[in-house]
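So the sequence lines, in the order shown, correspond to chains A and B. For what it's worth, full-length UniProt numbering labels the leading residue of the first sequence as 1, then goes sequentially. For what it's worth, full-length UniProt numbering labels the leading residue of the second sequence as 1, then goes sequentially.
Simulated from the structure, these hints should not be mistaken for lab results. Any given hint might turn out to be false.
[What the hints assert, rightly or not] Pairs of lysine-lysine residues, derived as BS3-like cross-links and limited to a Cα-Cα distance of at most 25 Å, are as follows: (1) A/68 / B/60; (2) B/144 / A/86; (3) A/68 / B/45; (4) A/161 / A/484.
[Said to hold, decoys possible] Computed list of chain B residues with no C-beta within reach of chain A, every gap over 10 Å: (5) 29; (6) 33; (7) 41; (8) 46; (9) 65; (10) 69; (11) 71; (12) 78; (13) 84; (14) 93; (15) 98; (16) 126; (17) 192.
No residue lacks a Cβ here, since even glycine has one placed at the ideal position from N, Cα and C.
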Amino acid sequence: MRRGRLTLLVLWLATLAVLGLFVTRHLTVSTDLRSFMPAPTTPDQRLLMEQVGEGPGSRLLLLAISGKSDEQAAALSQQLAAALRKDERYAQVLNGSFDIGALDDALLPYRYLLSPTLDHQALDAAYLRDELEQRLDDLSSPAASMLKGLLPRDPTLEVLKLAERWSPPKSPEIVQGVWFSPQHEALLLVLTHAAGFDPDAQAQAIDGIQRDFDALPAHAGASVVVSGPGYFSVVANTQTRGQAEWIGRISTVGFIVLLLLAYRSIGSLLFSALPIASAALAGIGALVLLFPQVHGITLAFGFTLLGVAQEYPIRVLSHRRAGESAVQSVRDLWPLLLTAIASACIAYAAFFASGVSGLQQLAVFTVTGLLVAGFSTRYLLPYLLPDRVRDVANMGWLIRARRFVDRLPRPRWIPLLVAVATVLMLVFAQGPFWQNDLSALTPLPRDLLLRDARLREALGAPDVRYLLVLQAPDEQGVLALSEKLEPAVDALVARHAVDAVELPSRYLPSEAVQRARQQALPDRAALTRALAEAEQGMPFQSGLFSPFLDDVEKARSLPLLTPQQFGSSPLGQRVSAMLMQRDGHWLGLGTLSGVHDVDALQALARDSGGDVRLLDLKGAAESLVVDYRARILHALLGATALLVIAIVVALRSVRRAWHVLAPMTLATFLVLAVERVSGVEISLFHLVALILAAGLGLHYALFFERDTGDAAEQRRTLHATLVCVLSALLVFGMLAWSTIPVLRAIGLTVGLGVAFHFCLSILMAPHARQD
Amino acid sequence: MLSLCANASAPEDAATARALVASLGRPAPARTPFAEARFMKMLDKPLVVSGQLAWLGGDKLERTVEHPTREVSTIGDGEVTQQREGRSSRSFSLKRAPQLQLLLDSFVALLGGDASRLEQAFTVQHSADGADHWTLTLTPRDAKLAQTVSRIDIDGSGNEPHCMRMQEADGDVAIDLLGAYAAKMPATPTRDALAALCQGG
């Protein structure tokens, strides 16, 4: 017997080790929040899903360097920008200094096709004369030294015109050649390649910035702060993870102490951990086999929901009788345990029907876990447990507790009263019922938000809420549409409806416009003549402008600049981020800064006849959450129906099923009502927590409903339930104290739920009166 | 004339230079008329402008051109702002115009009579001929700046600077006649004529 036990233990542990090895080898965890979101259904939602992570707005980090004199901060800004530009994690780094090198040599002749000069101006003698006169003024002005090098190649200064056109629409003040805030911080804009809402990737990008900054020779005494959506996702992530971890550690210790007190046996405690460990590993194993990537939230939720499985070994331990083998105890308990396992599986399987990949993973993980925990509790655990145990039924306090419970008055009107109170509370609760704003669940410290607003204002960085979406059959159509829109948009900016709008055509004109500009370029002979005429009587050396003649000649025969070609240059990456192909058509994104009049923008979109839309990312996100919730609720409805059938079949009695399901249902709605009355708006996380609590409550009701006709067995039931309730209260009650709403939502809901389910199961248990 | 300075002992020379710079100090705001001739390789003949230079105190200079076209430039706080009649103003960083940084450094130090500031930015050589005339030769200490401006010569007599010659590394040179000398700008200036004017009048 002893040897058999050891073999079993070794085999079990070995299996777990192999499973553990398999899991650690193959598990890839994705932290991208979007994969936990439902599949978008409307075009706006689809765009949102992309924009949330990939849009230029959400990938933008705002940097501020402070703690040094303007001059030193400016130098640090330049050095940091240079270091970041070399790093391939960053698509674009702007700090206000115009870098002529950004338009590389091969693209330089394109300046005549990109700059709007030729739209209203021919390169004729009169224009050149005027420009050259201005250049002479420039040469005798303080700007001379800056322009001297540029002049032979670009006497009309097209490069500077483009630089002006491409700098952010509302630039910050330039001090010492770089952007500065009114608070004397040097400002930078960094566009990451990583998606904005992928906290891990963003953490790496932000870490890279800090590292590059710390590597600058003169950084001592100065500091760089980062802001933006990517940074916020990192902060929210670490905050939540940090609190969850320390709360988890405390409650684990509490949980172990509780079990030791309850069973006074380290062996039992250690062995009872095996089913849970097997459940978790098997759950992850199933995910690894079925899905290419496992979502981080799935795992977090999954471990929470798996808490139900801890009940199985606890029930076995509490129901052991003195002198009876563990195998026999489990056999007696098994029908009820099986009902409990099956019903929890049905409830969790509801997530699978949601059609959301994150929730489907959750269903696979929890159902696998529950089955493994249940069956290992039945067929493996009893063979390991020590033969001799203390029967909890004879403990003095338990006898007194059972007596107290049995003596509780159980008037028939209690359920009715609770039901009426619940309905009244739900009806009269103030405020909106649902919380649709997911960001409210991981709020950011106020000073971070204020700092972000301040930097965003100073940098004129685009709003992350609104986007103009331009739609056309092809890329050129989008660019043409964008050009057509420019006058209307300029009018809106002039009216202060919006501070600035950045359209794709600002960076890259359509081929039609490029072609028109190209055709407006004079041939070499004509330009030489015009230049000679313009230079008449001017002191410029003869032949000085031949690089200019060469460039214009080259520009005349250049193939038109395509988004692909432009996109491969550092400057053109901006355009690539603004153009995308979707379902056979192309979309262009216009970013907006400082939106003051949403109606005016909506009117602009309406007047376009459907080609231009104003996308409200917040609105789209909320509609997505509403969708998401509808799916969960539908799935739950189905699960409830299945659950009723399962319980009726298992108990073979509608009346008994009623005694199990009524307290559970009532308690669930009571939790909802109490939370609503205390002003809590119900979010997805509350729903998930309610489901867990309902699963636990179902167990309590099932066991309390069981009529064994044996007072000692009833005491064991109470003991098991008390241990379960206390451990759940311990784990989730701790979470309820968290300052992070998402953790508080789960903790409070499960904590309240466990308490209500327990009380109502006892008060509504049918036969305690006769006991 | 320069041979004289070669004989002077170094510490003594430095002391005289300091005393001279201190004597040049004026209370801000200090204004002086100027006429500038700029000789550039890319031009057949020099560009001549005239107007007023003003030290507004602190690190701020204002350069007002009255002829041939009106233009006001302010140099200070790391930035240059240019305002030309009938056009929108243009700003750029001093970093991109190192000549201006040197102009600012030398001018502010001279008008402030601040010898130590001058010595911070430049190595200063002083030479004087027997008469009243002196020359301060400033060489930028910053190697990078020295790549664009090789030196600045300032000529004067008594406590009046007359001339400022900025020699750029690429061979271009800008000669500013200051104060009463501003009126002496010839109609068609040449480098030699102006040098002679500056060095002896």
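Requested in this report: Kindly indicate which numbered hints from before are broken by the structure, ordering the numbers from low to high.
Outcome: 3, 7, 8, 9, 10, 11, 12, 13, 14, 15
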